[in-house]
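A.B. asks: Listed here are the chains, written in short residue letters.
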Amino acid sequence: MTTADIFLWFTAGLLILSIAAYVFARNKAIHIENTEGRLHSRPNFFGWYAVSKILTPAFIIGFIYSILHMSGLVSQPQALLAIVFITAIINFAISIKHIQRNFRARQAVEKTSKRLFFIAALISILTTIGIVFSVLFEAIRFFNIIPLWDFLTGTTWNPDTAFLIGAGRDEGGAVPEFGSLPIFAGTLMITVIAMLVAIPVGLFAAIYMSEYASSRVRNILKPTLEILAGIPTVVYGFFAAITISPLVVKAAEALGLHADFTNALAPGVIMGVMIIPFISSLSDDVIRAVPQPLRDGSLALGTTQSETIRHVVLPSAFPGIVAAFLLAVSRAIGETMIVVMAAGLRPNLTANPLEGVTTVTVKIVEALTGDQEFDSAFTLAAFALGLVLLIVTLVLNIGSTIIVRKFTQRYE
Amino acid sequence: MSLSPQLKRRYRADKRFKFYGLTAIVFALCFLIFFFVDIIGKAVPAFEQAYIQVPVSYNQSVIHNYNRAIPKEYRRLVSKSFLRTLGQKLEAHPELMNTTQEEWALANHRVDQFLKGHEGHGLKKKYRKTVEQMYQDGKIEFRFNTNFFTRGDSKMAENAGVLAAAMGSIMVLLITIAVSVPIGVMTAIYLEEFAPDNRFTQAIEVNINNLAAIPSILYGLLGLAIFINVMGVPRSSALAGGLTLALMTLPVIIISTRAALRSVPQSIRDAAFGLGASSLQVVIHHVLPLAFPGILTGSIIGLAQAMGETAPLLIVGMMAYIPDAPGSIFDAATVLPAQVYTWSSESIRAFEERTAAGILVLLTVLLSLNALAVYLRKKFEVRW
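Line by line, the protein sequences give chains A and B.
Using the numbering used here, you'd call the opening residue of the first sequence number 56 and step up by one each time.
Using the numbering used here, you'd call the opening residue of the second sequence number 10 and step up by one each time.
Hints are all accurate, no fakes.
Under the rule of at most 27 Å between Cα atoms (straight-line distance), these lysine-lysine pairs were calculated in the DSSO-like manner:
#1 A:Lys277 - B:Lys387
#2 B:Lys134 - B:Lys89
#3 B:Lys27 - A:Lys277
#4 A:Lys277 - B:Lys24
#5 B:Lys125 - A:Lys305
#6 B:Lys164 - B:Lys98
#7 B:Lys89 - B:Lys133
#8 B:Lys89 - B:Lys125
#9 A:Lys277 - B:Lys388
A few chain B positions that, by computed beta-carbon distances, are all more than 10 Å from chain A:
#10 Asn68
#11 Ala101
#12 Asn107
#13 Lys148
#14 Ile179
#15 Leu284
#16 Leu297
#17 Leu381
Keep in mind the hints are simulated off the structure, nothing from the lab.
Even glycine gets a Cβ: it sits at the ideal position worked out from N, Cα and C.
Please build the complete structure, drawing on both the sequences and the hints.
C.D. replies: Written as structure tokens, this is what we have:
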């Protein structure tokens, strides 16, 4: 029996039982109402009560079984299905027995539904825990092979021999090196280029939309700019690699410079364009949240509109704008497809944006999409890089949340 | 009255500042136009495909070696995908045996690219004259490229299409909807309507905001480590991809549903409570129907985002070569953006225009989804 079969039987069996239970319980309730007088709850609640009685133990048993199964303790799908269906049928009978004129079915159903809502809310917590642990465990295994300090400060990334060792064919050749400094440097360079495009354009666009444009123009401009954020990153990656990179190479040639086809400039600029709407929309919101009396007061003192914006509005909105920047930086660092398609694969410690560099996300994709042994240091390195990425973006996000919270308190 | 020089300077600075703002907007809009013109310009040729008229001689040797069906000088001009079907065709129609038919065949991608005038077409010099002559004689013609919409991926560029990827996308999206919408809406209901205001609730809220900003590739690592390695979901399957994307979309749906629930005025809840409804009845009968348009809009936007996502799906292995639409959610599948990515890394020139055409299909779907969301929001927007 494959997992798919078990799943199918489990769902189909419970679905049929639930429908039967609902119809049966509801009919019994209606019958009681017709013969004995008005029920405590509406007949529907009796139906749902029976359904909840069947599904709750079934899902608990299924959950426990899958945990045991994953830890390799049991593997008897037939027994699982048998237990699930027998308990379900017993509970079916019990719930039907419970149905009496003054049984508080509504309260019972509401209690179960509220529990269900709570469990749903727990899933988001589980997701975070899942991300942290899935990255952390493999990363720790990696740091058992390669010391953390060498990983963070080493300047050569040369893992080519790692898979030989992983395959038990350590022939005493070159030792794999996992110095990730050139990778961090590449990420930093592309992020800086992206910000050099996104911050001025995004901020000035926000100022224009919130302070100069009429509300009609603004209502057209804002969604139009947001199209930029809705374009899939794989499309930007293609555009950067096929259209922008050759343009950069040609432009560099015209200036007498040499540029690689995998230069850092093309993905950087395109990533910046992608991020414009993040900055413009968030900044537009905070600029509009600045109270009008501040502007009126400033204008009444005889300043021009631009002086009001520069000396009164922007300083008031500054924390919110900084928060938007932080979110944008975190977005740029974690962006994957643009750099995978348009940036290089070779780690390169350079300050020249015309050369190819590589980034953290590129290395993660490279390590996990190849046909490497899962346990080799090469694939584990992806998780170590993922851990760094997770920590950096988390710090940026939390920083921006704190700043925003402080800012919103100021004008409330 | 004349203005003082200082005032003139300030006025000039004022105009300049406004001009910078306008420049920023114009830059972004120009980029958008340039981008769409470029992509559409690259994609349009892919919707036409060259077909070539060749004499096909059906005989016994064709069954063993399909190359023999076509005279040598045309053999390299016809797509292999056409040649490969000849044996089956002969079995299905035995009356064709030992006849020669003039047939329209799918042309090789080199012929196609050569006639479209693209550089790097790869057609050998000795064939170029023949091809040009045949084109003038009407023996090669361009037809609408239906294969692109009715076939899956193929190693033969002229035969590659988006159908398998589109089916994969639909499957993945259905799983994402089935998992993320109910859980997201229930979480939002819990947080907005039932949760006590304590530390734990606050922790959930902070956590959800953080999840919304975590890079998508980390969800891929989660999917790989938890769904594939621990739970044993088949690698590359629509299920693995759908579950991963569901977790990624969850925060978007929670945040938009909460906003929609919050916009329902308190007076409606109070009125329902006043008539004796229980807290669950208030939510299910009154708040949820009123918040429904907002929930729908938020879900569509979240799902459009998921549909365009590639990075986490690469990590869970959804970039395999998939020539046929997947039969079930456990089979290896690919999705539109991943198909775009695999085509973009092909070196054959004909794949470039197919990549652009795939992008055009993807963008059309995504922009229509977003437009639908905007339309629904406008249509059902209620001002209390």
